[in-house]
Each structure stands twice: as structure tokens, then as C-alpha cells.
Amino acid sequence: ELKVEQNPLFLSMQEGKNYTIYCNYSTTSDRLYWYRQDPGKSLESLFVLLSNGAVKQEGRLMASLDTKARLSTLHITAAVHDLSATYFCAVDTNTGNQFYFGTGTSLTVIP
Amino acid sequence: DTAVSQTPKYLVTQMGNDKSIKCEQNLGHDTMYWYKQDSKKFLKIMFSYNNKELIINETVPNRFSPKSPDKAHLNLHINSLELGDSAVYFCASSLYGVGANVLTFGAGSRLTVL
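Line by line, the protein sequences give chains A and B.
Mapping to the numbering used here: the first sequence position 82 is 82, numbers consecutive.
Start counting at 1 in the second sequence, then tack on 1000, and there's your number in the numbering used here.
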């Protein structure tokens, strides 16, 4: 079974600081997704990364994918409180439509 | 209009009972899923249907039985509920195939077994 690991599991950071969340996966795939989940809510899509070297940015979040290292990163720049949520990466096997989620990173941004 | 809707949102029931959760999507997607999220927020796929056909069936007790009457609906029936079934169950949908297949999730159904 494909394994997807994120670290850290919990992250508490001050507003204005930068940090990176890491997502490692155990099998070949060039399709990786990032989702956000607010407490008690559903998951919403943030980024879709479809090739080696892909980089996507939205506001203070930037995601990248290195398929050779089987690694994706989600970089947070100058964190604000509104970014507090749980972030999940998910890998889609190359056979299509079999999504495996990472363990999640619970981010708390402290004012 | 809600894209992926699940009912009920909350379910509280006794051990041994049988319950169902319904899911409907109006996105025109051809693939639907059930995910289970436990108290530690781990998300695990349970089932996936493509055009009413089962394509993924992870290691799930056979007390769980999905049913897809058409490609817009995927229901989950659970027999003989156990304490360990307490979780949030998410329905999701996507388009099938190679390429970007973003999942659209429902709001979740929180099941509490007493």
C-alpha cells in the first residue's frame, strides 16, 4: 500500500514567520494534491501538482513537487491567523483515481 | 447549490444498530468515494465507484456496504455498528482518468456509536 507521510504533524507558529510542511510518499506518482481542512469542516482543494518541478502559489502558500525525491513541500510565507487549519497532501497513483492522503499537519498561527 | 451533499450530518446511535448515510453530487462527476476520518484526523479511503461500478474496496469490514444506484449517488450502509465505527465519514467525487482529478468533498457525516 502506498504510504504518504507528512511532517510535522503539529505546527504552532507566530504570525509573520515562514515555515515548510513536508510530504513524502512511497511509490511512483506525478500527481500530488494539497487540501485544507478547517476545524469541523470539509476539505477544500488548494493545489494540484502534475509534474516534476511543478510549483504553484496562492497568496502566502506555495507548493512544489519533486517526483524523483517523492517529496512535495508546502511553504508558508509570513503566516497570518487565517491560515490556521489542517493541511493534507494526497497522492494519486499513476493508475488513476486511487487517492492516498497524508497524515495531515495541524497548523496554528499565533497572533 | 451544494455540489456534494451528504445526509445526515450527525448520527448518534447505539452499538448493534444499522444506519445509512446518503450522498449525492450534481457536478457531473463519474466517480464517487467514501472516506473515513478518525479522531486523529487520518483520512482513509473505503470505497470508490466509477459509473456505478466498484473500483476500489479497501480493507473494510463487510458490515459496510456501499450502494450506487446511479453515478450521481453513493450511499453507505453500516450493519451492527461498533464503537470503533465512530468517525466522520466523507463522501467525495471526481472525474475518472489520468490527469488532474481533484476531489470535491461533502460536508461530512459525524457518526457517534454509544
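Please note: incorrect hints may appear among the correct ones.
[As the list claims (entries may be wrong)] List time: in silico BS3-like cross-link candidates among lysine-lysine, alpha-carbon distance up to 30 Å:
#1 68(A) / 1067(B)
#2 1071(B) / 1036(B)
#3 3(A) / 56(A)
#4 41(A) / 1040(B)
#5 56(A) / 1036(B)
#6 41(A) / 17(A)
#7 1041(B) / 68(A)
#8 17(A) / 1019(B)
#9 1019(B) / 68(A)
#10 1040(B) / 56(A)
#11 1009(B) / 1067(B)
#12 1071(B) / 1052(B)
These are calculated hints, taken from the structure and not from any lab test.
Cross-check of the supplied hints:
With a C-alpha separation of about 39 Å, the suggested pairing of residue 68(A) with residue 1067(B) is violated against the 30 Å cut-off. At most 30 Å may separate the alpha-carbon atoms for a hinted pair to count; residue 1071(B) and residue 1036(B) meet this at roughly 20 Å. A hinted pair counts as satisfied when its Cα atoms are at most 30 Å apart, and residue 3(A) with residue 56(A) qualifies at roughly 23 Å. Between residue 41(A) and residue 1040(B) the alpha-carbon distance is near 15 Å, which keeps this suggested pair within the 30 Å criterion.
Of the pairs offered as hints, the one joining residue 56(A) and residue 1036(B) holds, with about 28 Å between alpha carbons and a cut-off of 30 Å not exceeded. Annotation: proposed proximity of residue 41(A) to residue 17(A) holds, straight-line Cα distance about 26 Å (limit 30 Å). Distance check on the hinted pair: residue 1041(B) and residue 68(A) sit about 28 Å apart at the alpha-carbon level, within 30 Å; holds. Restraint check for residue 17(A) and residue 1019(B): not satisfied, since their Cα atoms lie roughly 46 Å apart, outside the 30 Å limit.
For a cut-off of 30 Å, the pair hint linking residue 1019(B) to residue 68(A) is broken: about 45 Å separates their Cα positions. Note on residue 1040(B) and residue 56(A): the hinted pairing holds, with a Cα-Cα distance of about 28 Å set against a maximum of 30 Å. For the hint pairing residue 1009(B) with residue 1067(B), the CA-to-CA distance comes to about 19 Å; that is within 30 Å, so the pair holds. Only pairs whose Cα atoms come within 30 Å are accepted, and residue 1071(B) paired with residue 1052(B) is accepted, the gap being roughly 5 Å.
Violation of the numbered hints given earlier is confined to hints 1, 8 and 9; the remaining hints are satisfied by the structure.
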